[in-house]
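Participant: Using the hints provided, position chain R relative to the given structure of chain V.
If you want the building blocks of each chain, they are given just below.
Protein chains: 2
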Amino acid sequence: MSANEPGKGLVTPRGFRAAGVVAGLKSSGASDLALVVNDGPEFGAAGLFTRNKVKAAPVLWSQQVLTGGRLRAVVLNSGGANACTGPEGFQTAHATAEKAAELLGCGAIEVAVGSTGLIGRQLPRDLVLAGVEKAVAELGATAEAGLAAATAIMTTDTVAKQCAHADGAGWSIGGTTKGAGMIAPSMATMLTVLTTDAVLDRAALEPALRAAVRVSFDRLDIDGVMSTNDTVLLLASGASGVTPEPELFTEALTQVCLDLAGQMQADAEGVTKRIMVRVTGAADEDDAVTVARTVARDSLVKTALFGSDANWGRVAAAVGYSDADVDPDRLDITINGSLLCRGGVAAGGRTDADLTGPDILVAIELGLGAGTAEIRTTDLSHAYVEENSAYPS
Amino acid sequence: MSANEPGKGLVTPRGFRAAGVVAGLKSSGASDLALVVNDGPEFGAAGLFTRNKVKAAPVLWSQQVLTGGRLRAVVLNSGGANACTGPEGFQTAHATAEKAAELLGCGAIEVAVGSTGLIGRQLPRDLVLAGVEKAVAELGATAEAGLAAATAIMTTDTVAKQCAHADGAGWSIGGTTKGAGMIAPSMATMLTVLTTDAVLDRAALEPALRAAVRVSFDRLDIDGVMSTNDTVLLLASGASGVTPEPELFTEALTQVCLDLAGQMQADAEGVTKRIMVRVTGAADEDDAVTVARTVARDSLVKTALFGSDANWGRVAAAVGYSDADVDPDRLDITINGSLLCRGGVAAGGRTDADLTGPDILVAIELGLGAGTAEIRTTDLSHAYVEENSAYPS
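Sequences listed follow chains V and R, in order. 1 is the number of the first residue of the first sequence in this note's numbering; add one for each residue after it. 1001 is the number of the first residue of the second sequence in this note's numbering; add one for each residue after it.
No wet-lab data here; the hints were simulated from the structure. All C-beta atoms, glycine included, are put in the ideal place defined by N, C-alpha and C. Some hints could be false.
Chain V regions said to be covered by chain R (calculated; three or more residues, Cβ under 8 Å) [stated by the list, open to error]: (1) 93-99; (2) 170-178; (3) 300-311; (4) 379-387.
Between beta-carbon pairs, the in silico distance windows are [as the list claims (entries may be wrong)]: (5) R/T1272 - V/G170: 55 to 61 Å; (6) R/E1138 - V/R342: 35 to 41 Å; (7) V/A130 - R/A1283: 53 to 59 Å; (8) R/T1272 - V/E245: 53 to 59 Å; (9) R/A1203 - V/F90: 39 to 45 Å; (10) V/F90 - R/A1283: 22 to 28 Å; (11) V/A283 - R/A1283: 28 to 34 Å.
Chain V with its partners taken away, still in its complex shape (with noise of 0.2 Å):
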């Protein structure tokens, strides 16, 4: 595997092309709408989107777009969910896609959208297709201009999100995503866009996303919260000519994923601890990521975490809560490389574990079988609180 190449995310791969602009959705001024164009020669692409029943607008319209397994452009507004914005809110979501589509010259169908923000009102639909007009003209292959769609996408978050990797035998692969409060289980109000110009149709590339989605996005559960408008979204320009073997495709894409889940872990709303939480000895992985998102999840273990207060009892309350298979006595709980728990009983002081610097490791054994997960999340602090008792998201 070669080196990241975070200086241009999303138009490291060869046949991509982005912008990011002000289309006027933000009060604040702030870039809003960002676009990315696949060029060819393929336009094969693959697509995973919210569980959520409620559904916003342009998730709706992109899955039905991605029923045909080709992209050729990618809108993403931030600004606005438009979610729970009926008939009205569809609507836009569709003539957003027709008018990237009139300008690239492709269907509508090739065009998917994306959007965040506020839930229930309605987007100035005038002010998205001028935006797009807008991006159309300042598209371009450099750093700067992938830099520039990943900062349009931003909402609560403090920094743009990018990864590359580019793979000895000439192709590679590139992203952006955004999401730093509501992140959750399926993958959080979160934006991304990856990229790459290895030769895959469709029947390739969607395996490869299902398998890196599942153990990146879907292991970052900052709140428990599944937002309306969750989508990610691969597109492969097949311009480098080379087709890579599924596997090492497969292994590169969920470490680009790996890449950008823990960059939105280390932005995430109100974050002073990046804890990570690891199940061992769970009767199956099922159970070990039950165990290790019910750990995750767990107000009193978060706000202890927050006051660096090794409180192993919180932990040990949440492994016995959880939906899994669970022995109390085979129950060991480590927490930064103190043994506190052993066998459901104290096994050391809990003021033994350091938990003064900014990264916490949870590690509980249960002894019970070889299934093994990985959660990660931070610590519920006064700044999360903050931040969302303010923003109205």
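Facilitator: Same frame as chain V, now just chain R:
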């Protein structure tokens, strides 16, 4: 239904005595051990316990005791949960029951034990046993004795919680509870003792207790966390000589439990808003509970309400990711009387709803069937974070 007599609580029904003493388990020096004694002539009892798979020693002991369906006494302590304490912890619970039994002249198998406080530390057995001795010496049937017992079980509670109901036919119900944090679907680090002088055996008490708890304590969900120690006990002395109709008794018991649950909600850690989530029009009652609980636990909903923001979009998102049948196009959301979302689309400005007061009603109509449910919760405030990052529960 007669008026409540909140002054006496546990000892309102005839046949009961109570005490609350300083055993020295709390470093603050506050009272920390309560004893409740049933003087008969009947000794029927029922109990419900946490569904957490990691159960505290007193829960394991009391579950065993309750298989007999009889209780002569209950010993409760704050200042230590006696959870994750292994065989030594179980022996402490057993020794506590034996001590009380010896002093009261009954069998240890007729004495339940309940504990609350920090998980993972052994209780100082000598102090507990000396505390039992002291409590037996101070037993009384006065309002002061009932209040002393209610006070001795407090942890982060700021007020003692009592309730009593006297029926015109000559029987009554009394109760006390504690629990201000870690209050969850399955009852919380909640210790509750209910007493009655009605003539009812175990076969009558058990279904009444299950029915009352199902719609009261089980529908109070402060932070979704389930404790290792939750215990609800119901003791019947038969001293009134009256056997009420089962429906009448269940109804009165439910009212007492709802009153106590309301006191717990009002005193929850860091509460600034008392929130009722009411779901109507669900496919069935289970779905209504699922939707209400998902909304009640959603960190983004809770922080918005802390900020007095009627952010119905976050409510809609939570409804959408609940594990219940939901049709987004039939979803209505009304907050404090203002219809904000109709048919899944914005119906009014969210500033229409006045959330400045301490009580918030979030009413969700699903438009699918006749299922209804109410879940009580609180907001997620700075004080919640403060209390739970500093208090070593």
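Participant: Now tell me if each hint is right for this structure.
Facilitator: A quick look at each hint next to the structure:
1. 93-99: With 0 residues closer than 8 Å to chain R, the segment 93-99 of chain V misses the three-residue bar; violated.
2. 170-178: That given contact is violated, which follows from only 0 residues of the segment 170-178 of chain V lying within Cβ reach (below 8 Å) of chain R.
3. 300-311: As far as the segment 300-311 of chain V goes, the hint holds, because 7 residues have Cβ atoms under 8 Å from chain R.
4. 379-387: holds (count 6)
5. R/T1272 - V/G170: 55 to 61 Å: Between R/T1272 and V/G170, where Cβ atoms are some 59 Å apart, the hint holds.
6. R/E1138 - V/R342: 35 to 41 Å: Cβ of R/E1138 to Cβ of V/R342: about 40 Å, so the range 35 to 41 Å holds.
7. V/A130 - R/A1283: 53 to 59 Å: Violated, at about 44 Å.
8. R/T1272 - V/E245: 53 to 59 Å: Holds - the Cβ-Cβ distance for R/T1272 and V/E245, about 57 Å, lies within 53 to 59 Å.
9. R/A1203 - V/F90: 39 to 45 Å: Since R/A1203 and V/F90 have Cβ atoms about 58 Å apart, the given range 39 to 45 Å is violated.
10. V/F90 - R/A1283: 22 to 28 Å: Once the Cβ atoms are compared, 26 Å apart, the range 22 to 28 Å for R/A1283 and V/F90 holds.
11. V/A283 - R/A1283: 28 to 34 Å: Since V/A283 and R/A1283 have Cβ atoms about 32 Å apart, the given range 28 to 34 Å holds.
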